[in-house]
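K.L.:
Below are the chains, spelled out letter by letter.
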Amino acid sequence: MFWSKIWFFVVALAAAVAVTVALLLPRPAERALVRGEANRLQTACGVIHILLADDARNRVELAGAFARSPEIMAALEAASATEALDEGRMKQVRGVGESVMQAIQGSRKPDFAMLIDRRGRVVARVRIDEAEFGDVAAGRPLIDDALAGYLRDDLWAQNGTMYFVSAAPVVKQGGYVGAVVLGHQVTNELAGRLVKSLAVDMGFQLGADGVAGSKTIAFDHAAMQAQLAKLGPEIATDCEAVKPLEVRAGADDYTAIVARLPGEAGVKHAYYSVIIKRPEGLGLLATLKAIKQNDLAFGNFPWLVVGGGFVVALALGVGLMFIEADRPVRRLTGDAVRLAKGEIDRLGETHAGKLGSVARSVNIHIDKIGREAKSAKQDLDQLLGPAPEGGLGTIDLLATSLPAPRSFSAPIAPTALGSLGSMTALGSLPAPGALGSMSSGPAMPPPSEFRFQDPGPPPAPGPGRKPAAPSRGNTPPPFRAAAASGPGSGASMVPPPPPVVSPPPMRISTPQTAPLPPANPFASQPPMNLDDDILGRGSEPPPMRVESSAAHGDAYFRQVFDQFVSTKRRCNEPTGGLAYERFAEKLVKNREDLMIKTGCREVRFTVYVKDGKAALKATPVKDEA
Amino acid sequence: MRAGCSVGLLGIAGLVGGVVAALGRPAGAGTVAGRLELPPAPERGAVVARGFLDRVENPLIEIKKPNLAPYYVVALEGDARPGGAPPEITWDLVGESFARPVIAVPVGAEVVIRNQTKVPRTLAAAEDKKLLIGPLNPKGTKSFRATEPAIYTIGDGEAPHLRGKLVVVATPHVATLDDAGRFELPNVPDGSYKLRVFYFDAAAEARGGTSDWVFTADVTVATRGKASRVEVNGKLPPIARTAAAGKQERK
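For the record, the sequence lines run as chains A and B. Each residue of the first sequence is one higher than the last, beginning at 14 in this note's numbering. Each residue of the second sequence is one higher than the last, beginning at 16 in this note's numbering.
Only chain A is shown next, with the shape it has when bound in the complex:
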């Protein structure tokens, strides 16, 4: 399993590395995205500034054209010559201005106009505050410059509205007669037009108030204003100097960049912001969500490499598992089966690793059982004494603790008992299936003389107990019907008497609740095989019960005696010297001695054939279910 473990470690390490890479990979992409966003914002900011400057140039040209209108020149010249402006003059000049404004073509028509005489007085206003006139507009830098002969632009903020304004002097006959001011309101439409090709949004703000924007978004402007407060005096470089900041509007996150607006409005903290919605594809999960079907297309994803790597990894893992786990286990299993069949006495100890350890442990236990069996036999010989010629023959004792015998609910018919085949105990392994037809609970039946003489069919898979194969050749099942008993199956087993305080005789009786079955209750049972021995039977007949009574004990010994005699006859042994009384007496004595020595509650006698001779084995049963 060494290489399997190494492989598992390598695979786990690769998985950890893969997860780490998967978690880390979005980070550089995220940084690149942020840098891209910043560049995009700065570019858009700069472009907007250029567009606004270009718009200012157009507006200044428009003001110049407006100021060159002869009607305007004449009206302002006349107004400048008067000491006091009256309403009549105001309306006359306003009408002139209105007519000139209506003549302006193009999409950038001004929203208002101011006509100013050379003294700086507002002679008339067109379209905004039209009733106001006479106030001195001189003093404002834009108007002062226009009255002095300059064309220029500015930004005004009035009543929460921002205007791009432009002014031009009105010159007539070599002298200044006034100035005109045209104003264009900053509107959402203007903002939308500015960012139309930039794929961003923008807004014009005046302090903490939004003036206009390409998209209606309510921001907290504090962060933007704080950013503006850090800037130096040169506003033309704001787009490059300012850093993008994250702003939140409702449930959406945006990245924004801000730049100050020039002119009078700039003094009032006017600025514009360029914003883009922050992409959601940041982080591993968001990146996964952003994957498109095309990303997994064969041409865009190295399926061959990934699939090949997977197959190689899988093959390596399976191969290592087969080499280091499956094959050794299979070998051990085969050895165990051969051991169970008696083909080998011990498990091979060539298995490597823990399986070898298992094999050695099993072998140690096999050796221990062998030693204990030998010791028990010697003890029984000491108890029974040497078997006389023509006497009882060999009496073996399987001196191992056995599971508690099951109670028998049906007596064993003498004919059936007499026809039980020869069985040899397999070490200390109990044979739960040997008396499968009689067992009904966790208590084990008497040890079956089970011998794996022939291979037989392999154990059937599945949890159910499969009926045993019908025949095992020379090895008869432990409880084969008398008719099925063959010549070589001289061994038979007699169920032990029930536990009693008093010594035999014992009696095998049929309980009242379980009537005695027909002559051979086991006739319908299939013979035992290895599967049954290990797994037990799927369906079992009602158990036999052995009741304690002297009569039954006597019957038991008679039964054993009859089987013993029958077996000796089949083995062509002389039976003339056998007498039941002496036999029973011997059994009672052996039983008592064995119970005293081993502390068991009962003793079971089994007749079997050993070395061509009838033999009797006494088995102590220590406990009872």
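If you are wondering where the hints come from, they were derived from the structure by calculation, not from laboratory data. Every value quoted in this text rests on a predicted model; they were computed, and no experiment measured them. Backbone N, C-alpha and C define an ideal beta-carbon position, used for all residues, glycine too. Some hints here could point you the wrong way.
[To be verified] Per the computed footprint, the stretches of chain A lying under chain B, defined by three or more beta-carbons under 8 angstroms from a beta-carbon of chain B, are:
(1) 68 to 81
(2) 145 to 154
(3) 161 to 170
Place chain B on chain A using the hints.
P.N.:
Frame of chain A, contents of chain B only:
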């Protein structure tokens, strides 16, 4: 910013007083008048509140020079303390500017700023925040009394271009210049005086500089019981030289 022009300069152009005529004025009081030659108007300063573009000169005629006269005030300061009730001086706010960018007022005079527009203003003195408190309503007035000689810059924080200079002097004899540089101070009692000229240099202040007295001349009024007129002529220093105060004493 400017202390005055040199005595020599004024000596060439100046005229030391003389009795010109008796015009029925109170005995022992004369008139101090004169003409101060204005310096050449400087080139227009850097653009203020520049928009997206630099300003462009019109191609038709030359750029008009600024008129400097409204930016000068004259004060005749003597040893005698001003007597009588302090006058009330009205200063009109006519739109985006004051009617005069700078005025001189005697100590103790009540200054009334009158808003002639329909635009409310929030005026304040940069040098003394307590001098003017509260808004100036449309068509309304706001008055205060200047108790010490000082120079105040009155402006509206919402309209940086709207600025006026208030010069408080310890004399009731104050005057302004007309476009030709002429001035007249009537009812000046006999005595020795200093004629001082203050120039409000808005362009310099926009650059972070200050405005100051730019001309000083000694004037002696001695009517000997007859009405008299003391003529004081002088030449104001060029704007570029306003840092150096000139002195001219005329009698």
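K.L.:
Does each hint fit the structure? Answer for all of them.
P.N.:
Comparing the hints with the structure gives:
1. 68 to 81: It holds: at least three residues are needed, and the stretch 68 to 81 of chain A offers 5 whose Cβ sits within less than 8 angstroms of chain B.
2. 145 to 154: Held - the stretch 145 to 154 of chain A has 8 residues with a Cβ nearer than 8 angstroms to chain B, which meets the minimum of three.
3. 161 to 170: holds (count 8)
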